[in-house]
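**Q** Work out the full structure, taking the sequences as your base and the hints as a guide.
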Amino acid sequence: MGRLAAVTYYLLVVPAAAVARLVRDPLGTRPAESRWTELDAPPPSLARARRMR
Amino acid sequence: MTAILGVSCYFHDAAAALVRDGVLVAAAEEERFSRRKHDSGFPAHAIDFCLEQGGLARGQLDWVVFYEKPVVKLRRIAATVLATAPHGRAPFVRTVEAWAGERLRIRRRLAERLGIPRERVLFVDHHLAHAASAFLASPFEEAALLTVDGVGEWTTAAIGRGADGAVTLDRGIRFPHSLGLFYSAFTAFLGFEVNEGEYKVMGMAPYGEPRLVDEVRRTIDLHDDGSFSLDLDFFAFHRSLARPYSPRFEELFGVPAKDPAAPFVTRETHPDATRAELERSRVYADIAASAQAVLEDAVVALAREAHRRTGSDSLCLAGGVALNGVANRRILERTPFVHMFVPPAPGDSGGAVGAALYADHVLLGRPRRFVMEHAYWGRAYARAEIDDALQAHGASASPESSPRAGSSAGSRGASSGAHGRSGTAASSPTRARPP
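Quick note, the sequences are listed as chains A and B, same order.
If you read the first sequence in our numbering, its first letter stands for residue 1, the second for the next number, and so on.
If you read the second sequence in our numbering, its first letter stands for residue 1, the second for the next number, and so on.
Misleading hints may appear alongside valid ones.
Claimed, not checked - EDC-like mimics (lysine to aspartate or glutamate), calculated; alpha carbons at most 20 Å apart, straight line:
(1) B:K258 - B:D224
(2) B:K73 - A:D25
(3) B:K69 - B:E153
(4) B:K69 - B:E97
(5) B:K69 - A:E38
(6) B:K37 - B:D21
(7) B:K258 - B:E215
(8) B:K73 - A:E33
(9) B:K200 - B:E141
In case anyone wonders, no lab produced these hints; they're calculated from the structure.
Computed from a predicted model, the values in this text were never measured in an experiment.
**A** Okay, here's the thing in structure tokens:
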């Protein structure tokens, strides 16, 4: 499992990462004056909570 | 009767908690049964204990609530892998190995283990579980909420408000900007184990002077609105399993990371220590004092923002950073909050309590019926059991004659009372300046 994951990392993840970083800042690490973000509303109902994970 | 089991596991301090008709019946960390410190595995023993304590058999639970959302957390890990490639191979491999196992199948595992339908397993946001563990165990009818930890799904700190029928977090700071991970980097640099030795950094701080605050502030930017940014050039927690700080972090203080095996010496504890040994320890103590001072400034700024946005004079605080009792004290000293409640297990183990209380009060809409007034929700031990354990290890104990003997004992458990009951807790619940 570990070896397969390592091969996957270099063949798929590294090229995908290079493309992704061109498009956006995946972790939001660029300088900012504030780091607050609006959070998603919590599940308002039991029914919604049962669907989410 | 409505019986709800809260469960936290797979990161650190796995735990289970049982809430019956809105009242906490039992809560325990898996480590108390497995004897593995900070055991993160599936809390089978803690679950069995909670069911036993509640007089429940398999299949008799109404709901089981997990303390975070694994799929959302996996998305954050995937984004981190993309952001750090090609330097994050080791974390990627470990993630695949861990998540290909049972983490993504936690709903099935819980349902099968507890004999309930899968749709009876719910998931609550990690920081909502933290917030609920504080507010829904507090004596307050309404309060500002502040959660601060390493990281949940994406969030590392959040503020919101608790009131009747609602526990709401409306603003948060996202990974990788994290006060918990900031402090853990210093924990590792000072030779202690991450997620274990943070209290030692807090304890080391008074031995030093915060003369390196400027250096520490180069690693973290505290913004005017209470939020903060880490400078990731100084950290490696997002791309390395070996250590959470970068080579640039090591250069900051002019000393190498402390050897974990090397003793920390002072003139009082080691009268024979050389001047060089004393000086080296003093530098590490100064680093601890400086990191602690910056953490306190950051936590106070978050609390001030929580007060500004809510106007409440009561604060409920949770998350692993709330284990830093010195920083908690600073909140009362340096913010307008008059009352503060910190649950005895504000970290991930307490998330099991919060998840269950959140489901009971918010999702099921049942009235609040519980205030946590002590920390002893774990297994009780009869005096004979304690004597047997002492005898088995060649130890003995004599009854204590203190007037306090007979009250509930902590996890080490032996008093002259009839039993000692273990807690989930790092401390007793904190309620400062009670109304």
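**Q** Among the hints numbered above, which are violated by the structure, and what are their numbers in rising order?
**A** 1, 6, 8, 9
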